[in-house]
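Here are the chains, one letter per residue:
Protein chains: 2
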Amino acid sequence: MNGAESLVRTLVDSGVEVCFSNPGTSEMHFVAALDKVDGMRAVLALFEGVATGAADGYGRIAGKPAATLLHLGPGLANGLANLHNARRASTPIVNIVGDHATYHAQYDAPLTSDLVGFARPVSGWIHSSVSAGTVASDAARAVQAARNAPGQIATLVLPADTAWNDAEGAAPALPVLGPAPASSRAIGDVAKALRNGKRTAILIRDAGALTREGLESAGRIAAKSKARILCDTFTPKITRGAGVVALERIPYFAEQIVEFLKDVEQLVLVGAKPPVTFFAYPGKPSWCTPEGAQILYLSHPHEDGRGALAAVADAIGAPKDGATPMALKRPDIPTEAFNAYTVGQIIARFLPEGAIISDEAATSGAGAAMFTANAPWHDHMSLTGGAIGQGVPLAMGAAVAAPGRKVLALQGDGGGMYTLQALWTQAREKLDVTTIIFANRSYAILNIELARVGAGNPGPKTLSMLDLHNPELNWVSLANGMGVEASRATSNAEFAAQFESAMHARGPRLIEVML
Amino acid sequence: MNGAESLVRTLVDSGVEVCFSNPGTSEMHFVAALDKVDGMRAVLALFEGVATGAADGYGRIAGKPAATLLHLGPGLANGLANLHNARRASTPIVNIVGDHATYHAQYDAPLTSDLVGFARPVSGWIHSSVSAGTVASDAARAVQAARNAPGQIATLVLPADTAWNDAEGAAPALPVLGPAPASSRAIGDVAKALRNGKRTAILIRDAGALTREGLESAGRIAAKSKARILCDTFTPKITRGAGVVALERIPYFAEQIVEFLKDVEQLVLVGAKPPVTFFAYPGKPSWCTPEGAQILYLSHPHEDGRGALAAVADAIGAPKDGATPMALKRPDIPTEAFNAYTVGQIIARFLPEGAIISDEAATSGAGAAMFTANAPWHDHMSLTGGAIGQGVPLAMGAAVAAPGRKVLALQGDGGGMYTLQALWTQAREKLDVTTIIFANRSYAILNIELARVGAGNPGPKTLSMLDLHNPELNWVSLANGMGVEASRATSNAEFAAQFESAMHARGPRLIEVML
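Those sequence lines, one after another, are chains A and B. The numbering of the first sequence is this note's numbering, which starts it at 1 and goes up by one. The numbering of the second sequence is this note's numbering, which starts it at 1 and goes up by one.
No lab work stands behind these hints: they were computed from the structure. Be careful, since some hints might not be right.
Pairwise CB distance ranges, derived in the manner of DEER restraints [claimed, not checked]:
1) B/Q256 to A/G459: 49 to 57 Å
2) B/L174 to A/Q294: 38 to 46 Å
3) B/L463 to A/S131: 24 to 32 Å
4) B/Y103 to A/L463: 22 to 30 Å
5) B/L463 to A/N470: 52 to 60 Å
6) B/G178 to A/L463: 38 to 46 Å
7) B/I295 to A/G15: 34 to 42 Å
8) B/R330 to A/G39: 38 to 46 Å
9) B/G124 to A/G459: 27 to 35 Å
10) B/V176 to A/R41: 35 to 43 Å
11) B/G404 to A/S131: 52 to 60 Å
12) B/G178 to A/R41: 49 to 57 Å
13) A/R41 to B/G124: 36 to 44 Å
14) B/H504 to A/G283: 54 to 62 Å
Selected chain B positions facing chain A (in silico; Cβ < 7 Å) [said to hold, decoys possible]:
15) H84
16) A160
17) F279
Covered stretches of chain A (chain B as the covering partner; in silico rule of three or more C-beta atoms under 8 Å from a C-beta of chain B) [claimed, not checked]:
18) 36-50
19) 65-78
20) 274-286
21) 488-496
Backbone N, C-alpha and C fix where the C-beta goes; we use that ideal spot for every residue, glycine too.
Build out the structure end to end from the sequences listed, making use of the hints.
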């Protein structure tokens, strides 16, 4: 067995079943090993940012890592932006990067680069194997590092000769550290604070707590104590909809956040950080916790936030059935003019139970967020690191992780153009993803931000940098060019017909919503 | 004047006239400044890899830097692969990256990352401004650093508050160090070596030497001394065609290089490194200079290779008119079956004088390379760093630099999918680029490499990782979706008609060659 086969066997034995790949010459032995080992699904991407975004979506839904297979420093570089988003989501990913053979690096051939330098800003764990004999144990360590709570990116750099030289065999899976219990002192402090009469908000980030069960505990606490339950503007994954306790999402803009939090006297953090603005603005605050408010950490990111919430609910004597989950409400097909809100109503009308939403709709997403709160239960994933181009690959990876569930990508046209190649893989793998492109022909958020940053009256050059009208994109052509069935909707009736049909069919579909 | 305006004024005063942009909130003041200052053309890209690849193409043709404008760490990250290629080409680029306001970085907001860490592997010069008052002088230093011979990437990181706070004004342009003269000792040594009767090859990399004038000197030397004149497999820019002295291009594969160089007893390097293989292969050499051959450095990359070649030609008494340039030969339209070679013949038949070719055709490029040697003179740019996805953006940047010249992108379909968004900017800016997509539906080079690396008999999973048939890409749909006129060619006659028409029209066109 060579090093490459020892790698693939070890990954499979450690529970890694999917590899999102864009290989090159230095990875050919790893690619060849895919046929020698059962149990590894290889999914080809036409661009590395698609592979890494898909690995993020897979990890968020599967709760365990996929591997990537990338080609040297530049291949890794193309995947970095979505790895940045994955890092912000604490998604477990085993990032495998082929490198030049150990003895070849000295010659500074054209593809030579500071590969580890590229990897460092996104990786919680990095290792470069130096011989075929250690590849298997290095891979086992990489999986362990990726999976240890709360999850992180482990980058394993494999020089080509560590693939083709002889290895001893696979390495056994290593134990994984799950979430540690939150400290009983923190639980007691929070339980006590909830009875002191101060206005309290509980901000939940923890992936285990943003589930039906975790939110149930939060809902019990809220009912008993009148505390507000909050989540960040952008969360890796949250369960929402009918039968699930809802929480308040912190708004995006600085002055909205300040207004939203202004009455808070105590802020309880569950795997979260104190809220700050996304960007800085002249004369506006970055730090959004009200002055004088006390901050209590109930659990840290590596701790069990769900268990901590349940313990607090019990400690304050909240009834087991005290939480109030959301009711099911299916909106009618709206009669107002076609816009992002009517689109949201129609999505909520037809969304199937157990759907997964990948939301990078930016300015166009508010309608869907509002109306799907009463749709059947679903998981919602948002853009965690601000690096646009996440949405379509994320949906693709989620669909690989959950073949029985309908995946919906809500995508702005500006961000969609970053990684549109993901549509090709959706067609290739016949993934059950419906992509809604909100075609406002602009970086709409930037038109808002331009005014907010106080940059004065914009001139024509300035405005042209935010405008995507010239030329008009045609997403139906783009999707068809990659083998995905697509249509355009210019009215509520058209969108309703197309969306309903997509929800009842399987396989990739794209609807371009003409706003 | 704020820092942003001081930046743009300084760039213009330092000779930077074009900015390839994909801005975000943290760059809004820089964008707004574009309207306050004359002389800066802002070109919007829908993906940062397009912006950086275009800046590379611009720099190779204009011989001076364009700026980029990128959005924080992830925006930079998306541009890194083409910056890697630009680094390998020694292209001057002023890479401007907006960052969070200085006081905002401490809050670790979602878009916060190790921006300088991302920049380091590709940048010869990096600086983060700390106040609006230094932005102008920092920008002048960045331009100077980018332009100093032989050219490099200078990355200037600008926190948002350095844009919106008050600045004093523009900074004056700084002096630029052109190529240093090669040492007279090196010139003398090479002249002497050329008369010692040993078999000599002169390997030229220097951008100034791979021009009509530099090659003329090399041709004089060759005629007088019988030395061979070589260039690397992948050169940033070389002038070729009728009226220009031709040289031999080092082949790609290890065993071909060894065969190609086996008789060389002396290797003279003009801004070049000793030839090595692109990748390592089991049991094959990486180092390709024959054992015992002497290596002489005539000039280093920061030195004047063109001047050095002229001095050597004079020193050995080569007649001024001793060089033999290529003759003009326009091939007939071929009658053989349609393939990459007949495409090459047709390209050579209709290529206009002074064209610029951006070549990322990989396995499909040999035909064009062969037949255009006798086409009218043109500049040829190749993939310098091996990071695919360079070709279409490079052509776009070249067209911005040289509005009067026809630009031709020869592009494999695999690499073309990396940065296809460049077509949109070609349409927006009405750039005179004809893109030829060689649609072989595969990473064809990898099928060759798979056999060469000795990875055994490939199985179906392995082969599927190199195959782009499922689903079929349709480049006509893709191009139309971005506003570019496109057609498919399935025969010599169809291609000849489409290509001739494109050569006689202006503006972007795409031809999908069905191989």
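Hint check results:
{"no.": "1", "hint": "B/Q256 to A/G459: 49 to 57 Å", "in the structure": "holds, 55 Å"}
{"no.": "2", "hint": "B/L174 to A/Q294: 38 to 46 Å", "in the structure": "violated, 53 Å"}
{"no.": "3", "hint": "B/L463 to A/S131: 24 to 32 Å", "in the structure": "holds, 29 Å"}
{"no.": "4", "hint": "B/Y103 to A/L463: 22 to 30 Å", "in the structure": "holds, 29 Å"}
{"no.": "5", "hint": "B/L463 to A/N470: 52 to 60 Å", "in the structure": "violated, 42 Å"}
{"no.": "6", "hint": "B/G178 to A/L463: 38 to 46 Å", "in the structure": "holds, 39 Å"}
{"no.": "7", "hint": "B/I295 to A/G15: 34 to 42 Å", "in the structure": "violated, 52 Å"}
{"no.": "8", "hint": "B/R330 to A/G39: 38 to 46 Å", "in the structure": "violated, 58 Å"}
{"no.": "9", "hint": "B/G124 to A/G459: 27 to 35 Å", "in the structure": "holds, 34 Å"}
{"no.": "10", "hint": "B/V176 to A/R41: 35 to 43 Å", "in the structure": "violated, 54 Å"}
{"no.": "11", "hint": "B/G404 to A/S131: 52 to 60 Å", "in the structure": "holds, 56 Å"}
{"no.": "12", "hint": "B/G178 to A/R41: 49 to 57 Å", "in the structure": "holds, 55 Å"}
{"no.": "13", "hint": "A/R41 to B/G124: 36 to 44 Å", "in the structure": "holds, 42 Å"}
{"no.": "14", "hint": "B/H504 to A/G283: 54 to 62 Å", "in the structure": "holds, 57 Å"}
{"no.": "15", "hint": "H84", "in the structure": "holds, 5 Å"}
{"no.": "16", "hint": "A160", "in the structure": "holds, 6 Å"}
{"no.": "17", "hint": "F279", "in the structure": "holds, 5 Å"}
{"no.": "18", "hint": "36-50", "in the structure": "holds (count 6)"}
{"no.": "19", "hint": "65-78", "in the structure": "holds (count 6)"}
{"no.": "20", "hint": "274-286", "in the structure": "holds (count 7)"}
{"no.": "21", "hint": "488-496", "in the structure": "violated (count 0)"}
When the structure is compared with the earlier hints, violations turn up for hints 2, 5, 7, 8, 10, 21 and for no others.
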